[in-house]
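If you count by mature numbering (1 follows the signal peptide of the UniProt record, and there is no 0), then the sequence shown holds residues -18 to -1, 1 to 265, one letter each, in order.
Hints are not guaranteed to be accurate.
[Unchecked claim] Calculated cross-link-like contacts (lysine-lysine; reagent style BS3-like; alpha-carbon spacing at most 25 Å): (1) K264 x K114; (2) K78 x K265; (3) K78 x K114; (4) K150 x K264; (5) K265 x K150.
Hints are computed from structural coordinates only; laboratory data are not their basis.
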Amino acid sequence: MKFLLTIALLLVLLPAFAQNTEQPDPLRPSTPDSTQAATDTTATALGQDDEKELNDDDTTQIDYRFRFTADGTFTGGNVNRSLLQLVSAFDVDVSKVVKLSSNPSFVYGRQNGLLNEREYFGDARVTLFHEKRLYYLAFGAFEKSNLRQILNRYTVAAGLGYKLLERKRAYISLTDVLLHENTDFAVLNDINVWRNSARLFGEYTFGNDRWTVSHTTFYQPALSRQGDQPLNVRWNGSISVQYKVNAYLSFRTTFANSYESVVVPGRVNDDTRLTLGLTYEKK
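Just need the whole structure built from these sequences, with the hints factored in.
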């Protein structure tokens, strides 16, 4: 109950989900760890009546996943640079129909004593019929970015998803949603636009489930022009390689790239980031 209250509070306080490259797919089935494997073995050894009773008890429990990653880059010498990136993911099966997810993140970076990056991101997502191959989702988001001089960015969206591949060690999904964005820049005119947002996600495990490779790609073109501005297009993508040290802790490295066609003066359109860190996951 305390866990559910904590999740509910996070979903209320964190505004919701703009699609960032760090967002893992909450529909990806958990690969059984050694603890789960032991439980499965025990259940197999039980009689049919005992196994039925065990399954009945399991239906009263709420399935959840929690993941927290801390990574970054630190250099010294001619260029003093520090980058810290904190990413978390909450995933709760409320029922066989409804799943709740949230993926808040924070990025902080300085170079030669000057603040470059201070990025806030919060999200909440509701998925319907999450156990089906074809499912439906709705989400909202809030984002602030010192790097891109975004004071506030609000996003709401709804659409559908399809699991292209769903196996124990390979998973690929495709989502497509209609998205409304309101961005308040520090020096540019505000953006109030509708977008189509498509996302391709894949995750693969191998090497006795110790290695995980995942990739995420978003493509978000505006559906109309705003004033005399060119058509607003946004895309981002990332690929991560993760090595599991034990049932809960993993080393991870991530390469991410993002592009926005409309940026404030003095900023480039694309950003690239390479990080190395640790991931804690409980499921």
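Going down the list of hints, with the structure as the test:
1. Restraint check for K264 and K114: satisfied, since their Cα atoms lie roughly 24 Å apart, inside the 25 Å limit.
2. Restraint check: the Cα-Cα separation between K78 and K265 comes to about 17 Å, which is no more than 25 Å; the hinted pair holds.
3. Proximity of K78 to K114 is assessed by CA-CA distance (about 10 Å); at most 25 Å being required, the pair is judged to hold.
4. Taken as a hint, the K150 and K264 pair is honoured in the structure, with Cα atoms around 18 Å apart against an allowance of 25 Å.
5. For the proposed pair K265 and K150, the alpha carbon gap of about 15 Å is at most 25 Å, so the pair holds.
Against the hints set out earlier in the document, no violation occurs for any number.
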